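Colleague: Here's the letter readout for the chains.
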Amino acid sequence: MSLAAEAPARAIPWWLKRHETLLAIILVIALAGLGAANERFLTVDNLLNQGRLMTEIGLIALPMTFVIITGGIDLSVGAVVGLCAIMLGYSWKNFGFPLPVAIVFALAVGGVAGFVNGLVITRIKVPPLIMTIATLALYRGLAEGISQAHSVRGYPEWFYVLGQGDLFGVPTQLIVLMILMLVAGVALDRTIFGRTLYAIGANETAARFSALSVDRVKLVVYTLSGLASGLAAIVLVSRVTTTRMDMGMGYELDVIAAVVLGGTSIFGGSGTIWGTAIGLAMIQLLKNGLALTGVKGDATIVVIGVALILSVLIASSLQRRRD
Amino acid sequence: MSAAAIAGAARAQNGGLRRFASQEALLALAVIGLAVVVGFINPRFLATRNLSDLLLGNAYIAIAAIGMSMVIISGNIDISVGALIGVLATISGSLAVAGAPILVSWLVPLVLGVAVMAAQGAVVAYLRIPAIVVTLGMLSILKGGLISVTGGKWITDLPQNFHLADLSFLNVPMPVVIMVLATALAAVWMRYSASGRAIYATGGNAEAARLCGVNPQRTVVMVFALHGFFAGIATLVYATQLRVIQSTTPPGLELTVITASVVGGVSILGGVGTVVGSTLAAILIAEITSALVFINVSPYWTDALRGGLILATVIADILRRQRRAARGWSK
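Going line by line, the protein sequences match chains A and B. Numbering-wise (my numbering), the first sequence opens with residue 1 and increments by one. Numbering-wise (my numbering), the second sequence opens with residue 1 and increments by one.
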């Protein structure tokens, strides 16, 4: 009886049952549907422009995938984007740093912000959720306090190449994202570092007893999250040409939704960068598709909120059935 | 639930109770000490008008922090409460303007608050989805839904009798009366009733609580429902103070409420804390925010200070626990 029930299941090739494959199929159907509904959607121009718009979220989603695979979370990413954007503008304008130095400085601030998260999480054992809620408030507060609500604009022309320029007809920042995505994907699949992330997420105690450097890996992961948020801030400032203290507000929702939609378990232990890439595309598609059908921006965050809850619900009910 | 389980839970808490008292005493001391210091620098800070404005304007945060404390003590978190208060305030104001009986416009936020939060609690408890995911999703649903439905239109011309917060009882303004009453009732209920103790038991160790006859799932749903109830009351106090209700969610409100709970001594690891502490902490935070203005510090530093405060309290709490655990092992 049970054999008969299993037979058809075995007939389905393994790669078709993967979460990423299913998502990719849904993505293609959605693309085709939106394309049929609106002729402006499936144009190279529109798709490349959507790629430009999703880069900031995408950059942060890469280390967020790592963080969630270890069973952690980083809610402070949006605030770090705000802080780094302010530090870029402030150090350039008020400290008189040359812009390249200011860019490095802003990245360093992002790295330190993430490092502080990681340090307190690993050394003092503050749960990641609470630590990053606290630093969400702190980093956003620092951005507000340092900037005193002044915005900075008037950056030199060359700086806009990153956020508005093209390379071989493709938005510059999209190429950066693709390269980093490849690096992150390979690192997760093929390196000891990547496999350690899964081990930590699956069973942290077991990982420790297996002599894996759990704390150091976690520290690296949270630092990467801060660095990526810093990079996203620079891309964002370059794209919108101005620095404001409320930049990156609410990014944590989009980023976490993309990662979770991409099949990374919110409980840790499983997930892939390729899944995150598809999740990211789906989030952007959702936004663009809704915008083209005349839905305003505020309503799209409702849909993303629903998608976040539903994808976790479905994933966890599938997981329970498998168990 | 068995009487023995309750007695056990109460005993387990007894050692910590002295510390609660000290945490609350510390907060009360900080509230008074800060007033004295700032009053010394700028006597206008101590003007009755300023102090009463401070209490009136922040009573709703203390009230919302009561429910938040229960949620955190039960081992969960909620970041949707700020958005919920924004939505409920808009609904309440719209009802009043549309000519609904005032009592209806006061009661609907309570009912809706309980319904939304209980639903979230049920998803957390029975479908085992982490509270942060559910409430992050709900935050965006409420926030986006509110703006897209109202288009950000302000609610004006509220009827005169809508303003519950303008009333007073024995010369004490209603928001303060409600804040004190809600805190006292919640504190007594959590300290002495079986279902109140069940919150601590669930947050301290859900499995142990289950073995003692507490139903952790039902407790979590109850806690979220109560949190929604207090969010409803907070909405009443907040909305009926305003002459104009902006149809947006008060920015960062959820963080202020969480800060009040955590600074008030509610352990983010669950199982420990009181609402008296969280109310005192809400007052302290309001006092700090107001004091900044009087000592000529830019209000843009408020959020950084709040972030620093929550971080320091969380780290201190965890270090203190670790030290106590280490002492316990060595015995």
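No lab work stands behind these hints, which were simulated from the structure alone. Some hints could be false.
Take a look, some chain A residues computed to stay more than 10 Å from chain B by CB distance [as the list claims (entries may be wrong)]:
| no. | residue |
| --- | --- |
| 1 | VAL28 |
| 2 | GLY35 |
| 3 | VAL101 |
| 4 | VAL152 |
| 5 | PHE168 |
| 6 | LEU182 |
Subject to a maximum C-alpha distance of 20 Å in a straight line, what follows is the list of computed SDA-like cross-link-like pairs (lysine to any residue) [claimed, not checked]:
| no. | chain 1 | residue 1 | chain 2 | residue 2 |
| --- | --- | --- | --- | --- |
| 7 | A | LYS125 | B | VAL149 |
| 8 | A | LYS93 | B | VAL149 |
| 9 | A | LYS93 | A | ALA108 |
| 10 | A | LYS296 | B | LEU269 |
All figures in this text were calculated on a predicted structure; none of them were measured in a lab. Even for Gly, the Cβ is constructed at its ideal location relative to N, Cα and C.
Colleague: Quick one, are LYS125/A and VAL149/B close enough, alpha carbons at most 20 Å?
Modeller: Status violated; Cα separation ~42 Å.
Colleague: Given the proposed pairing of LYS296/A with LEU269/B, does the C-alpha separation stay at or below 20 Å?
Modeller: Distance ~40 Å between LYS296/A and LEU269/B Cα, so the pair is violated.
Colleague: Hey, is VAL101/A genuinely clear of chain B, shortest beta carbon separation above 10 Å?
Modeller: VAL101/A clear of chain B: closest Cβ-Cβ about 25 Å, beyond 10 Å.
Colleague: Take a quick look at whether LYS93/A and VAL149/B sit within 20 Å of each other, Cα to Cα.
Modeller: violated (41 Å)
Colleague: Are the Cα positions of LYS93/A and ALA108/A separated by 20 Å at most?
Modeller: Roughly 17 Å separates the two Cα atoms, so the pair holds.
Colleague: Does the claim that VAL152/A lies outside the interface with chain B hold up, using a Cβ gap greater than 10 Å?
Modeller: holds (15 Å)
Colleague: Taking C-beta pairs only, is PHE168/A more than 10 Å away from all of chain B?
Modeller: Per Cβ check, PHE168/A is outside 10 Å of chain B; nearest 36 Å; holds.
Colleague: The output says GLY35/A does not contact chain B. Does that hold with a beta carbon cutoff of 10 Å?
Modeller: Holds, because the least Cβ-Cβ distance between GLY35/A and chain B comes to about 25 Å, which exceeds 10 Å.
Colleague: Taking the closest pair, is the beta carbon of LEU182/A still more than 10 Å from chain B?
Modeller: Since the minimum Cβ distance to chain B is about 29 Å, LEU182/A lies beyond 10 Å and the statement holds.
Colleague: Does the no-contact call for VAL28/A survive, Cβ to all of chain B over 10 Å?
Modeller: With a cut-off of 10 Å, VAL28/A remains clear of chain B, as the shortest Cβ separation is near 26 Å.
Checked against the numbered hints listed earlier, the structure breaks hints 7, 8, 10; every other hint is satisfied.
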